[in-house]
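Taken in order, these protein sequences are the chains called A and B.
In this text, residue positions in the first sequence follow the working numbering: the first is 1, and each later residue adds one.
In this text, residue positions in the second sequence follow the working numbering: the first is 1001, and each later residue adds one.
Simulated from the structure, these hints should not be mistaken for laboratory data.
Wrong hints could be hidden among the right ones.
[As the list claims (entries may be wrong)] With the Cβ distance kept under 7 Å, some of the chain B side facing chain A (calculated, not the full set):
#1 V1118
#2 W1119
#3 L1138
#4 L1188
#5 A1192
#6 A1196
Beta carbons are placed, not taken as given, at the ideal position from N, Cα and C, and that holds for glycine.
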Amino acid sequence: MNVLFVLIPLALVVAGGFLAAFIWSVRTGQLDDTDTPAIRMLTDDDGARPPGAPKAPGPRPGE
Amino acid sequence: MARLATDPLARLQAPSANTVAYAPCAHCGKDTPAPAETAQGPVFCCDGCATVARLLAASGLDDLTCRLSDEARPVLPSGRSYAELDTPEYHAAHVRRLADGSLESTVYLGDAHCAACVWLVEAVPRLHPGALETRLDLFRRLATVRWDPQRTTLSAIARVIDTLGYGVRPAKAGSDAALRQADDRRLLVRIAVAGATAGNVMLFAFALYSGALGEMSAAHERYFRWASLLVGVPGTLWPAMVFFRGALGSLRARRVHMDLPVAVAIAVGLVSGVVNTLRGTGEIYFDSLATLTFLLLAGRWATNRRAREAADAAARLLSLTPSQARRLRDDGQVDEVLAEALAAGDRVLVNAGEVIPCDGVVCDGSSAVDNAILTGESVPVDVGPESDVQAGSTNLARPLTVQVTRAGAETRMGRLMADVEALAARKAPMVLLADRWAARFVAAVLGTAVVAGIAWTLSAGATTAVEHVVALLVVTCPCALGLATPLAVNIAIGRAARAGLLIRGGDVLEAAALPRGARGRIYLDKTGTLTAGALRLTHHQSTPELDALVAEAEATTTHPIGRALVGALGTPARATGLVVTTTVGGGLRGTLPDGRDFAVGSPRFVGAVPALDAAALNTALEQLLAAGATPVVARLGEAVGLYGLTDEVRPEARAVLEQLAARGWQPGILSGDDPRVVAAVAQRLGLDPAHCRGALSPEAKAQGVSAARQDGPVIMVGDGVNDAAALAAATVGLAVHGGAEASLLAADAFSARPGLAPLEALVVGAGRTRDAIVRNLRLSSAYNAVGAALAVLGLMSPLMAAVLMPVSSLTVIAASMKARTFQDLGRGGAPAPGPAPQGAPA
């Protein structure tokens, strides 16, 4: 059980690392907007071209 | 094989008989601007749908749907140049330079409404080489744009966003938005530290509890106790500084605040824990203290977030004030500049439908302006050369050239908004219900501690006595008590917000809930709150020939009186050949082909009337005015006709006012309208005429509210900048639909819905929230009593304290969620009228 004397400080270091990561995310403003990321998840990053991008096909409907 | 969500052809083949059928969007099914008959092929309601539909067709995916909100509407590019975004004034106020040399600014996209919008806006860097990143906060509708100043300008990026269909405006945050955000972030960090500490110290405590039940070597026990101290003390002390500061402030102000008992418990617990660890014996409570700090801070953060959401919503509405002005250069060219950058002597061009950006004098053009934002009156005022106009009013009919006399913060509206902000900042904080309980609570606990301390010292000695007193102070620490109010309030405010009623904070809810037997006053602004805000024809004494001429003449105007007349009289079947000659001065004049003169307008405009009819006309006019209607006279040669237009009161007004009176709120009217009209409305609604006044200036309204506050709390309901000072002066200010930005800054609550439903919802909901708060306070007091009893009897241990706290908190949470505050608001507005409340002890 004497391994506890080593494990506890080690665990605290790991916990401290996570705490630092959280503080970093707060400071860089990642937690300011917690609603839009849920919506942003729905889009694909497959390189689909938005209208007006080079090589966009054809005229835009509605004009 | 790609298939679109709906088959557009099926819908196009069944147009309805009477109305124009618009082609539905081929992707989402909502109406598009294109009429059904002329649409060829699939049409879309917005670029979002068009793009997504093409993607589906191109890549054969048919399980991706565009998540449109209920408010999807056709999005059309405006074609503006956005040159004002490149001006030095804009850059000084809204642009930040980042470390890598790029520039960053936040703009407001009022038309962003769905997930496809997020995708489109964030794809702008792929469309425009100089744009580095565009990030959209969908619910606040703010886009943060980062660009390389060497390769492009903000106006170019804004034009790209505009072609995607989103109008770009500068984001005007409230003046303390940055400060609020910094505070929020700091609080989050404190919560993180408290939470990490709580979790780890609890694990150590588990070890100690298990050791207490079984066997633990002295070395291990000492190790864990020291670990608890080394992690627990700094990890609890730093986050708890919030409470210590609050407690000090409370002591200095000689008013008991909820933070005081919390600070005492944490301080005593930490000190005793350190002493006992150093001594090697005695109980330590680090785990309870850390968990307590974490829970209370989390509750505080949730409360702040709600309040911040409401404040942000109001501040964002500031972004809707037009910031752009069209300045005429001497060579006739037009510059687009920021409204704040205008100088006295500049000339600006204001088109029909635009808001006037400055105070000034008309130098060219004649039109009508809508001053509702400043005066609350729905009747437009005619202006021509030499007329004064004010910033904020809307130009209705024809383009005007205005010479600037005052711009920006110097305008009347600017100064009024500044006054309002000052008044709002000075509002004294309310003594909350929870604070009153805290006072009694502190007294009770300290009293018990002293008595128990003496008793134990006499029977078992000082050491045991200290142990038990510490246990008493820690266990009675008001965790549940501290959560009681925030929980009930947060849930209530959240539900109210979903129903369209935004409330700034819990103190607003408490102020709007009168204890049984108390009396308060509600002041309403007549236009728009009690009345429907639309004119109806209520008096009609005329001939069909005059009717037809009036309808034909008024069909050409955008004046509300004209529209009301046309609506009531109907569009004429045949044109009579009437030629309208003048339209300025309160009416219309014209001539018929047969030479007869025709005039329609206010009695003063129409002027002299044939002698036979004058007496009869005057009597009829007096009757009309006494009934509170606006008179319109029509004259054709010798024939005279009279029309009376009234702004009708809302059908539910009387019932709502009676319900409010039953709860102790006496209604009155403070209005800028004609006193006769106010008196007529008061009489129709059965209000006490002594408290219904008209023709009041904004300052006079504020004075009336302040005077009434001597006798009790005052709720002021209004819209329009002319109510803003009164809203700030009232105990609770409620701004209703159509309110101007200053009104929303000064208000404690604002509603997106018109009418009296929000007022009723606020008062009823506030009463129920107060009941919920009291229930929570009683529940947590019961737990505290049990805990105190156990501590006094010497039966308390850290384990028991660690269990009691979450149990009491969970009970309070469950009770709050079950409370029916604001629950039956739904989409309609007012809750079902319930019985008058049983009342709560003051």
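To see whether the hints hold, each was checked on the structure:
no.: 1; hint: V1118; verdict: 5 Å, holds
no.: 2; hint: W1119; verdict: 4 Å, holds
no.: 3; hint: L1138; verdict: 5 Å, holds
no.: 4; hint: L1188; verdict: 5 Å, holds
no.: 5; hint: A1192; verdict: 5 Å, holds
no.: 6; hint: A1196; verdict: 5 Å, holds
Hint compliance for this structure: every hint is met.
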